[in-house]
Amino acid sequence: MSEMWHADPGDIARYTTDTIDATRAVSIEAHLVTCARCREQVAGVADRTRLDAAWVEIVDTVESPRPTVVEWVLRRMGVRADTARLLAATPSLQASWLMAVIVALGFATLAAQSGTERGLAVFLIVAPLLPVAGVAAAFGRELDPTWEITAAAPGGGFRLLLVRASAVFATTLAVAAIACLALPTLSWTTAAWVLPALALTLASLALSTFTSPERASVAVAVTWVVAVLASAQETRDLLSAFGSSGQLALAIVAFVSAVLVAQRRDSFEIRSRL
Amino acid sequence: MATVDERSDPDLLRALAVDDRSALAELYRRHSPWLLARLSRRCADPDLVDQALQDTFVAVWRKPGSYKASGEVAAWLWGIGIRRLIDQVRRRPAALHQLDPWDASSPSAEEQVLLGVQHGDLAGALDRLSPELRAVVQATVLDGLTTREAGRLLGIPAGTVKTRMMRAKPLLREGLT
Chain P
1 MSEMWHADPG DIARYTTDTI DATRAVSIEA HLVTCARCRE QVAGVADRTR
51 LDAAWVEIVD TVESPRPTVV EWVLRRMGVR ADTARLLAAT PSLQASWLMA
101 VIVALGFATL AAQSGTERGL AVFLIVAPLL PVAGVAAAFG RELDPTWEIT
151 AAAPGGGFRL LLVRASAVFA TTLAVAAIAC LALPTLSWTT AAWVLPALAL
201 TLASLALSTF TSPERASVAV AVTWVVAVLA SAQETRDLLS AFGSSGQLAL
251 AIVAFVSAVL VAQRRDSFEI RSRL
Chain U
275 MATVDERSDP DLLRALAVDD RSALAELYRR HSPWLLARLS RRCADPDLVD
325 QALQDTFVAV WRKPGSYKAS GEVAAWLWGI GIRRLIDQVR RRPAALHQLD
375 PWDASSPSAE EQVLLGVQHG DLAGALDRLS PELRAVVQAT VLDGLTTREA
425 GRLLGIPAGT VKTRMMRAKP LLREGLT
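As given, the protein sequences belong to chains P and U, one line each in that order.
Sequential numbering of the first sequence, starting at 1, is according to the numbering used here.
Sequential numbering of the second sequence, starting at 275, is according to the numbering used here.
Bear in mind the hints are in silico, worked out from the structure with no lab data behind them.
Beta carbons: idealized from backbone N, C-alpha and C, even for Gly.
There may be inaccurate statements among the hints.
Between beta-carbon pairs, the in silico distance windows are [stated by the list, open to error]:
hint: 1; chain 1: P; residue 1: Arg37; chain 2: U; residue 2: Pro320; range: 25 to 33 Å
hint: 2; chain 1: P; residue 1: Thr116; chain 2: U; residue 2: Ala333; range: 50 to 58 Å
hint: 3; chain 1: P; residue 1: Thr116; chain 2: U; residue 2: Gly433; range: 24 to 32 Å
hint: 4; chain 1: U; residue 1: Thr437; chain 2: P; residue 2: Gly44; range: 27 to 35 Å
hint: 5; chain 1: U; residue 1: Arg441; chain 2: P; residue 2: Val45; range: 34 to 42 Å
hint: 6; chain 1: U; residue 1: Ser296; chain 2: P; residue 2: Arg85; range: 28 to 36 Å
hint: 7; chain 1: U; residue 1: Glu346; chain 2: P; residue 2: Ala13; range: 18 to 26 Å
Derived coverage of chain U by chain P (criterion: at least 3 residues anywhere in the stretch with Cβ under 8 Å from a Cβ of chain P; other residues may be distant) [as the list claims (entries may be wrong)]:
hint: 8; segment: 308-322
hint: 9; segment: 327-340
hint: 10; segment: 408-420
Chain U residues, not near chain P, derived (Cβ > 10 Å throughout) [unchecked claim]:
hint: 11; residue: His305
hint: 12; residue: Ser404
hint: 13; residue: Ala432
The whole structure should be built from the sequences, with the hints applied where relevant.
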């Protein structure tokens with residue numbers, strides 16, 4: 001039937017200029033969906049400059065690289081475009097990295113599931129190390145594919161460090177917090193890794209003002225594991241390092257490291273990184 | 275355009291899957307004018323309409339595979355277009371948006387024939403509705419939107435869409451019998 005009937009050209013003109021009555025507009029709209037010939041009629045009276053301008057925008061969008069999922073989510077959350085791009089380019093915010101974090105936490109959670117102190121100790125030792133590794137990967141010359149660009153970007157070293165480190169720390173913390181829910185007992189001990197995580201991350205940042213981020217993080221990780229085991233040996237209690245004196249010590253480490261990072265912030269700028 | 279592109283709409287969509295930019299240009303040439311006209315009748319802000327039109331073709335370029343190889347490509351495009359417009363309206367709630375005012379004049383004899391044959395006296399039935407009820411009928415029945423989408427487009431709560439639709443139904447039924 002639509003092959004037989006076609007919209008009146010005058011009606012089509014009135015339709016595009018919005019001077020047609022509503023019921024007739026409805027019938028034209030229903031017809032346009034099925035009739036290429038009448039669609040061409042609309043094209044004949046359409047606003048060409050407006051359509052051409054929109055086409056330029058479309059080509060522009062299609063040709064520019066697609067924002068990644070991370071960047072899109074950040075933009076939606078109201079993060080500025082340039083900051084979103086910087087964060088999205090962080091190696092330790094990529095899906096592959098997050099997967100690795102989830103797997104590592106998965107094993108630690110499985111160990112803790114056994115319900116023994118040893119299992120819980122494994123979880124508490126591993127969880128704080130994940131943000132340390134993440135932050136190191138966010139700055140490492142080895143791991144960051146955009147390292148040269150980042151290093152050469154003007155005036156951004158310390159700001160970039162803060163933005164990226166907080167983002168990595170927050171994401172890892174969120175994943176670890178979810179893992180916590182899978183632990184057999186929900187007591188204060190399951191959250192005992194939060195302060196260590198902060199302290200170790202800050203310590204590795206402070207240390208990376210002296211050496212490369214990779215070396216700093218490895219040094220911090222080794223020191224951490226040795227310290228926990230030594231404390232366990234000494235007191236014959238596997239979890240002693242997570243007790244109140246241990247937490248106090250870590251709080252001091254966190255504070256001193258933060259001060260050190262702020263003092264030596266210049267070392268994150270380009271001159272000292274090349 | 276010097277040569278006429280003979281490919282059918284579904285063919286063009288298949289060409290998009292292998293990143294054929296000329297296929298997008300041809301789809302835009304064929305479908306952007308009526309989409310622009312129809313979207314403009316749903317929203318008074320030309321900036322939002324332009325943005326929705328652009329978003330529609332960018333979405334088509336990125337996901338041509340979401341077309342299910344049956345039915346009119348035009349209908350599929352409209353489905354994308356109106357939803358992109360709703361996205362725009364929702365993102366800028368302060369922007370003025372309103373449905374086109376329905377002309378309350380009585381339908382002509384020509385229309386009675388056109389619409390009356392298949393649908394009973396639809397034109398008359400629609401004209402007897404208040405503008406608020408007609409807007410809801412247009413968004414849900416004719417544009418195929420869900421209650422929630424219609425609410426966003428018209429700037430009213432979904433519950434209001436439902437109650438207006440419930441009020442419109444018996445009036446329409448009355449007009450069609």
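### Query
Ser296(U) and Arg85(P), beta-carbon distance inside 28 to 36 Å?
31 Å, holds
### Message
Confirm or reject: Ser404(U) is not an interface residue toward chain P, with every Cβ-Cβ distance exceeding 10 Å.
### Response
The claim holds: Ser404(U) sits with its nearest Cβ about 13 Å from chain P, beyond 10 Å.
### Query
Does the no-contact call for His305(U) survive, Cβ to all of chain P over 10 Å?
Label violated. Min Cβ-Cβ 7 Å, cutoff 10 Å.
### Message
Closer than 8 Å Cβ to Cβ for three or more residues is the test here. Does the segment 308-322 of chain U pass it with chain P?
### Response
holds (count 7)
### Query
Regarding Glu346(U) and Ala13(P), is the given constraint of 18 to 26 Å on their beta-carbon distance met?
At 23 Å between Cβs, range holds.
### Message
If I claimed the Cβ atoms of Thr437(U) and Gly44(P) lie 27 to 35 Å apart, would that claim hold in this structure?
### Response
Given range 27 to 35 Å: violated, Cβ gap about 42 Å.
### Query
Are there three or more residues in the segment 408-420 of chain U whose C-beta lies closer than 8 Å to some C-beta of chain P?
That given contact holds, which follows from 3 residues of the segment 408-420 of chain U lying within Cβ reach (below 8 Å) of chain P.
### Message
Please check whether Arg37(P) and Pro320(U) have a Cβ separation lying inside 25 to 33 Å.
### Response
Because 27 Å falls inside the window, the suggested range holds.
### Task
Classify the label on Ala432(U) as holds or violated, using whether its beta-carbon is more than 10 Å from each beta-carbon of chain P.
Consistent with the label, Ala432(U) stays out of reach of chain P, its closest Cβ about 22 Å off (over 10 Å).
### Query
Taking 50 to 58 Å as the hint, is the beta-carbon distance of Thr116(P) and Ala333(U) inside that range?
53 Å, holds
### Query
Between Thr116(P) and Gly433(U), does the beta-carbon spacing fit 24 to 32 Å?
Since Thr116(P) and Gly433(U) have Cβ atoms about 55 Å apart, the given range 24 to 32 Å is violated.
### Query
Taking 34 to 42 Å as the hint, is the beta-carbon distance of Arg441(U) and Val45(P) inside that range?
Roughly 37 Å apart at Cβ, these two residues keep to the hinted range, so it holds.
In this structure, the hints that do not hold are numbers 3, 4, 11, in rising order.
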